[in-house]
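A.B. asks: Spelled out from the first residue to the last, the chains are:
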Amino acid sequence: MNKPKVSFFDFACCEGCQLQIANMGELLLDVLGAIDVVEFREVMSEKWVGEFDVVFVEGSITTPQAIEHIKRLRARTKTLVAYGSCAAIGGVNGMKNNYKLEDIRKSVYGKDANFFPTVETKAIHQVVKVDYVIPGCPVYLPEVVAVLKAFLAGLPRPVPDNAVCVECKLNENICLYERGVACLGPITRAGCNSWCINHGNICYGCRGLVSNPNTKGAKDILEKYSLSVDLIANKMNMYNKCGENDNRE
Amino acid sequence: MSKRNVMVNVEYLTRVEGHGNIVVNVKEGKLETCQLQIVEAPRFFEGMLQGRSIFEAQHITSRICGICACGHTLASIQAAEDAIGFIPSEQTIKLRKLLLHLENLDSHILHIYLLVAPDLLGVKSFVPLINSHNTVVRRALRMKKTCNDVCDVLVGRHVHPISSIVGGFTKLPTEKALDDMLHLLNGLKPDMDATVGLAATLKFPAFARDTEYVALVSDNNEYPMLMGDVGSTDGIRKNKKEYKVLTNEFVVPHSSAKHCKLSRDSFAVGALARFNLNADKLHPKAKAAAQAIGLKPKCINPYLNTAAQLIECIHSLEDSIAIIETLKQTGINHDEAIVVGLNENKMIPVKAGSGVGAVEVPRGILYHNYEVDDKGIIAKANCIIPTGQNINNMEHDMKKLVPEILNKTDEEITLALEMLIRAYDPCLSCSAHFLDVKFVNR
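Protein chains in written order, with my numbering: chain A, 1 to 249; chain B, 1 to 442.
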């Protein structure tokens, strides 16, 4: 069997999701036995000119050059995976969209703003067709491995679409609302095994909203615990600002 | 030979974090252009922080960099606590020192094995080494994973730590967790010994350029990483609050990252700078390893930054074990666990102020500075990244190096330059996040 040609590319991001690959330990050698990684700038100098079977794209689109780059990449790629929150939902880069583009350009570039064009932050699917999504800031390694296995076996693997609360309950965490703290678990897509709550923090919504969030239920919880809606709105904004453009369409 | 033309144009330097180009132009033996161009797309973190709660700063700034997320976390927390006047407990400080050691270990191992070693072994990446040096690759991946596993126990994960926040930790290690970390770290020792053995066989390029080295310094016997004043080999010593004077940022036309200087044209931060200023405070085992590979202060060969990183790995491993053993003896006070979102409950009091964090992260001193209002909302944020401080020094190195190696082929010159930049372990996406960019000749 020919091993699939796989590559990793990054746009505006912290490269932490690619780094998760290096964090696999010796398991990485098994993965590299099953796929042929042909380009991965962060850790390899090799370059590839042909077509890709699978491309993992990390990062959001924030410049006109990046729009052209991702379009060219799409044309060479059979399966394009939006890898990590910045690619999948815009992630923290979306907070830039809270400001008027002209204002933020001027504040950063001063009178030379025109020399360095920037565009509203976009998730990858807002620019080109995306075939699969692995959300998370950072990606959850067991999920990455499960996706790779499913892909190699030719099996479908739906992106989880239940709320983080489901996994959190199974992990027997004390609900943060019981401690008087607002948490985005009730409306955020599961698949991370309630990673942050297990370690005493809240869910910040880094995996994006479930496709049909129970917003009424979420409001009821806030009312029950006398927490302000603004708190949640402000937290939502941290990872999910770009998603507002999906609703607009 | 002296009249030759050389054009080096490395677009998107590989095996570094972020996007940078090397451009060198030698015309008839005369160096006309010698630049490290940073072409990373800025992500406006400075702007994004404005208007957000000081309690969110750590979560957001951790996302500046996946490699040094724990470093950004610690600098951010230090600046935030300084701004609101919160004083962390002794236990919190010990755990933070442990986290910083783990950050340095993890990042240095990644750099030494996966980013630098391929050059020294004459291949393009670690992938060909899987066949030719299988035990070395396995050791590297095993060491990297162990660092990660210890971080998983301490703070949930290495990339964007979960439980380390303003005030302390949301989850404190149980007795079993302390034992687990000790077990993992003790298990790392044979691999660390083998790494020192490997380093002794690697040949680093010979090159020397005297420069000013800048690192945290202190009056006690501890190798300063988390706390201290800022000192230099040119005799500077200042409080971290004077970080702007210590970095003197200035804009150059060809780089989207600002340049820095202090007492002379450029200065260097990072493992070699720390070694040059504080080598006498290293753990005895680290001192012995430095002697074994012939590294002594003041070392002015930038390629040996990688060797200094190795020495620091041994120090961090030994001191991590010592910290955990102390914590085991005193026991963890679990009443200190912070419930996140206490800002929302107003339980950690806030006041208006300006705070500075200065922490030695893998690539050098990382400064965070926040100004907050009386509600703890960030009015202004500023971060000065180690790579940003080093870029000017890298260019000065390149300008000295190129004329010395003009007798080599274009490919050899290119590789020598790539290796020089890689030796600094640059983090280019970090360095481009907080800048004013000016293009004068476009």
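Calculated from the structure, these hints are not laboratory results.
Since this is a predicted model, take the numbers as computed values, not measurements.
There's no promise every hint is true.
[As the list claims (entries may be wrong)] Okay, the calculated bits of chain B under chain A, using three or more residues with CB under 8 Å as the criterion: (1) 158–169; (2) 350–362.
[As the list claims (entries may be wrong)] Over 12 Å on every C-beta distance to chain B, these chain A residues come out as not near it, computed from the model: (3) Asp36; (4) Asp103; (5) Pro138; (6) Glu244.
[What the hints assert, rightly or not] Straight-line distance between alpha carbons at most 30 Å, and here's what the computed DSSO-like set of lysine-lysine pairs gives: (7) A:Lys224 / A:Lys5; (8) B:Lys171 / A:Lys3; (9) A:Lys71 / B:Lys124; (10) B:Lys124 / A:Lys224; (11) B:Lys124 / A:Lys47; (12) B:Lys171 / A:Lys5.
Yeah, the Cβ is synthetic: ideal placement off N, Cα and C, and Gly gets one too.
A.B. asks: Hint by hint, which ones does the structure fall short of?
C.D. replies: 2, 3, 4, 5, 7, 8, 10, 12
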